[in-house]
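Going down the list, the sequences are from chains A and B.
Under my numbering, the first residue of the first sequence carries the number 1, and numbering increases by one thereafter.
Under my numbering, the first residue of the second sequence carries the number 1, and numbering increases by one thereafter.
Any given hint might turn out to be false.
Claimed, not checked - Derived DSS-like pairs (lysine-lysine); straight-line CA-CA distance at most 25 Å:
#1 Lys126/B x Lys87/B
#2 Lys169/B x Lys87/B
#3 Lys7/A x Lys169/B
#4 Lys7/A x Lys126/B
To be verified - Stretches of chain B that chain A covers, calculated by requiring three or more beta carbons in the stretch to come under 8 Å of a beta carbon on chain A:
#5 20-34
#6 45-58
Just so you know, these hints were derived from the structure itself, not from any lab.
We put the CB at the ideal spot given by N, CA and C, even for glycine.
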Amino acid sequence: MSERNPKDLDRLEQGLANVHRDREAPPLDAGWAQGVMRDIRRAAASSRNDPGAWVELCVWRSAAAAAAFAALLAGSAFFYAGTDQGELTALLSEDLEPSPALIE
Amino acid sequence: MPDDAHIIERVLHGDVDCFAELLARYQTHVARIVGRHVPSDRVNEVTHDVFVRAYTGLGGYSTDVPFAHWLSGIAVRACYDFWREAKRGATPVSALTEEHDAWIERVSAADSEARFQEEVGRREAKEVLEWALSRLSPEHRLVLSLVHLEGHSVREAATLLGWSTVNVKVRAYRARRALRQLFLAEERRHERTES
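Could you put together the complete structure from these sequences and hints?
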């Protein structure tokens, strides 16, 4: 066998690609679809009856509610903090205003 | 005949039996994909798994993409998982024989299209393909099959596998290089046994 050149490898790869594309799936067994539907009905029933799924749903809903509440809290804190900051600035500026002379 | 979106809506509202219609519509499509990637005696089992995964993930399906495309992605990922599992239980494919080496030689040197097609149709062709793929990692195996053997674009393969395009591009390059190195190593082994 002589040293294979890249062109030979391209040809070989092309041959393998043809083999791959020509592969045909064997027909699915008789009763295959019923087997799948049986498993799907079982999965549907277990997700309806599974307390774990209910707990999971509750956890997610509570997490969403907690996140919304936290966002609201942060928003209002920011808003009020801003106002307070404004008031504080105003008060300080009043303090720093030159006071009227006590002695004329 | 109700369209896929309508059926999916009904399934999501608890009418599980409607899923049988999706099964009837797409079982051949899915089995064809699975049949290209897993051994023929495992096609039933993996195709079954694809539809169970599709049912459990149906809530995450968006009608922006055709249902067949979404299902194709699940099928490809199920095949990838199959090979990851199989790698742990490793069932080795036997080494190449003189017959296989001769086939490699003939197909590489085929001087006409007719001759080439004749070689591609031989039993050894399938065995050499199986041998080569079995020596690649599950990642390289899937990427090589999708990109180089089936001719999907990098973007399509990335969508099917749920990977980034950069990841697919890099792996596709490495997989092809690994495949070529396999054949070069096999050639050297053959030469050593001949001399």
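Output the numbers, in ascending order, of every earlier hint that fails for this structure.
-> As far as the earlier hints go, not one is violated by this structure.
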